[in-house]
Amino acid sequence: MATPGQPMFTRALGPAARLALWSILAIALIVLDARFNALGWLRAGVVAVFYPAQLAVRAPFDFAAEVSGFLVRHRALQTENAALRERNQQAGAQLARLDTLRTENEELRRLVVLRQMTGYDSVAAEILSTPRDPFSQRVMLDKGGNAGIQAGQPVVDGMGLVGQVTRAYAFGAEVTLVTDRGHAVPVQIQRTGQRVLVFGGGSGMEVRYLPTHTDIQPGDILVTSGIDRVYPAGLVVAKVTRVQRPTDSPYARVSCLPMAGVDKSRVLMVLKTQHAAARQGAPEQP
Amino acid sequence: MNFDMPSFPPRIELRQEWRVIGLSLLLAFLLKQIPWQGWALLLRPDFVLIMLLFWAQRRQDGISFGLAFALGLVTDVQDGVVLGQHALAYCVGVFLVQHFQRRLAMFTLRHQAMQIFPLLLLTEVVALVTGWISTRTPQGGWVIATAFTGTLLWWAVAYAGKMPAARSE
Numbered sequence: 001m002a003t004p005g006q007p008m009f010t011r012a013l014g015p016a017a018r019l020a021l022w023s024i025l026a027i028a029l030i031v032l033d034a035r036f037n038a039l040g041w042l043r044a045g046v047v048a049v050f051y052p053a054q055l056a057v058r059a060p061f062d063f064a065a066e067v068s069g070f071l072v073r074h075r076a077l078q079t080e081n082a083a084l085r086e087r088n089q090q091a092g093a094q095l096a097r098l099d100t101l102r103t104e105n106e107e108l109r110r111l112v113v114l115r116q117m118t119g120y121d122s123v124a125a126e127i128l129s130t131p132r133d134p135f136s137q138r139v140m141l142d143k144g145g146n147a148g149i150q151a152g153q154p155v156v157d158g159m160g161l162v163g164q165v166t167r168a169y170a171f172g173a174e175v176t177l178v179t180d181r182g183h184a185v186p187v188q189i190q191r192t193g194q195r196v197l198v199f200g201g202g203s204g205m206e207v208r209y210l211p212t213h214t215d216i217q218p219g220d221i222l223v224t225s226g227i228d229r230v231y232p233a234g235l236v237v238a239k240v241t242r243v244q245r246p247t248d249s250p251y252a253r254v255s256c257l258p259m260a261g262v263d264k265s266r267v268l269m270v271l272k273t274q275h276a277a278a279r280q281g282a283p284e285q286p
Numbered sequence: 001m002n003f004d005m006p007s008f009p010p011r012i013e014l015r016q017e018w019r020v021i022g023l024s025l026l027l028a029f030l031l032k033q034i035p036w037q038g039w040a041l042l043l044r045p046d047f048v049l050i051m052l053l054f055w056a057q058r059r060q061d062g063i064s065f066g067l068a069f070a071l072g073l074v075t076d077v078q079d080g081v082v083l084g085q086h087a088l089a090y091c092v093g094v095f096l097v098q099h100f101q102r103r104l105a106m107f108t109l110r111h112q113a114m115q116i117f118p119l120l121l122l123t124e125v126v127a128l129v130t131g132w133i134s135t136r137t138p139q140g141g142w143v144i145a146t147a148f149t150g151t152l153l154w155w156a157v158a159y160a161g162k163m164p165a166a167r168s169e
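Protein chains in written order, with our numbering: chain A, 1 to 286; chain B, 1 to 169.
Hints were generated in silico from the structure; no laboratory data involved. Take the hints with a grain of salt, since some may be wrong.
Derived list of chain B stretches under chain A, where covered just means 3 residues or more per stretch with a C-beta under 8 Å from a C-beta of chain A [as the list claims (entries may be wrong)]:
1. 48–57
2. 86–97
3. 112–118
4. 121–134
5. 149–158
Remember, it's a predicted structure, so these values are computed and weren't measured experimentally. C-beta: ideal position from N, C-alpha, C; glycine also.
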């Protein structure tokens, strides 16, 4: 391709040829990453290199926010602080209740000689950023391998299941939210105990592959069933908002809304489940 | 100097020029690190891409594809998308701007911005389509919105680049 201003008989590659070379490299990377998942090390390296910059920019963010016109008012901060405190207390109360439930549950399990499910530790992590990706619903957390976070661990907030850690870096982690289209959670309808699968649907969630005659109605709460050994049983996931039973399809159309503040919470809890701990090789606690 | 016919700005000294390029790209990168949310996130122009395209147009030798590729990779990692998606898009953007370099230099800022818009749109579409092919269907068409905001940013950046202070460096 002739570009004006270029010497006529140059030995260097023309821009089009160079673009082609770089494009081939890019496509090779895309194939390696998307099909073979072989570039985790490169990702982790880049994240580690730019983590300090991200932190440095976040620190004076209040100032930057004012400059760029996003005025954060004092009152808004105060109300948010109050709300966070309240949520914190709620979370504390819920955790306390969880504790008692767990001990009670353990006793019961021991009685019926069931597979013993130990409790789980949790790490609180703040949302560092929300990547702009039209293909998925994800958030980045400010803690990673340094706090014991591993890929596969469930993430909750005070109100319910938020998602799952899909990539863990040294100082950060990527969480795929339950509303992501590619995300499925095995759940139970709390009222009837029936096991179903709930999928992400962009902003809400939906239950798929449910026969039309199934007993499910708006207002039903879906909790994790625990059969996948990823999510501990009993975590609140979603609430059914609408049930349609089309005559032309064998399946009911069930829309749900996540119970957790999937796009509102800023502090999330990563649960170190027994499953993940076992993979890590940590000694099992009695 | 004749301001009606904007000619190529006089070349500034090479080492200094690279310092300015590096600083501007760093600034663009840092701007991107601000935790953008909600509408601001949707409308946030890709600062790094705009700076890259600006320098690709402004420097007679353009910007190397390697630099565009590397910056694209960083964007890929930070957005958590498939590696190579933005790298490819940035390279295509730089190529297009360099191809139309002389043509762009002929226009006034307003017309330049109007010429940049389709280039930005095409760059976004390249990123979108590669993501689409390599992963899955997007959840909304609002990604294109950044082509508009990016055009406005280009205008601002090109205007700043034409100011006397930037010339006499």
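Hints and how they fare:
1. 48–57: That given contact is violated, which follows from only 0 residues of the stretch 48–57 of chain B lying within Cβ reach (below 8 Å) of chain A.
2. 86–97: Check passed, 5 qualifying residues.
3. 112–118: violated (count 0)
4. 121–134: holds (count 5)
5. 149–158: Violated, because only 0 residues of the stretch 149–158 of chain B bring their Cβ atoms closer than 8 Å to Cβ atoms of chain A.
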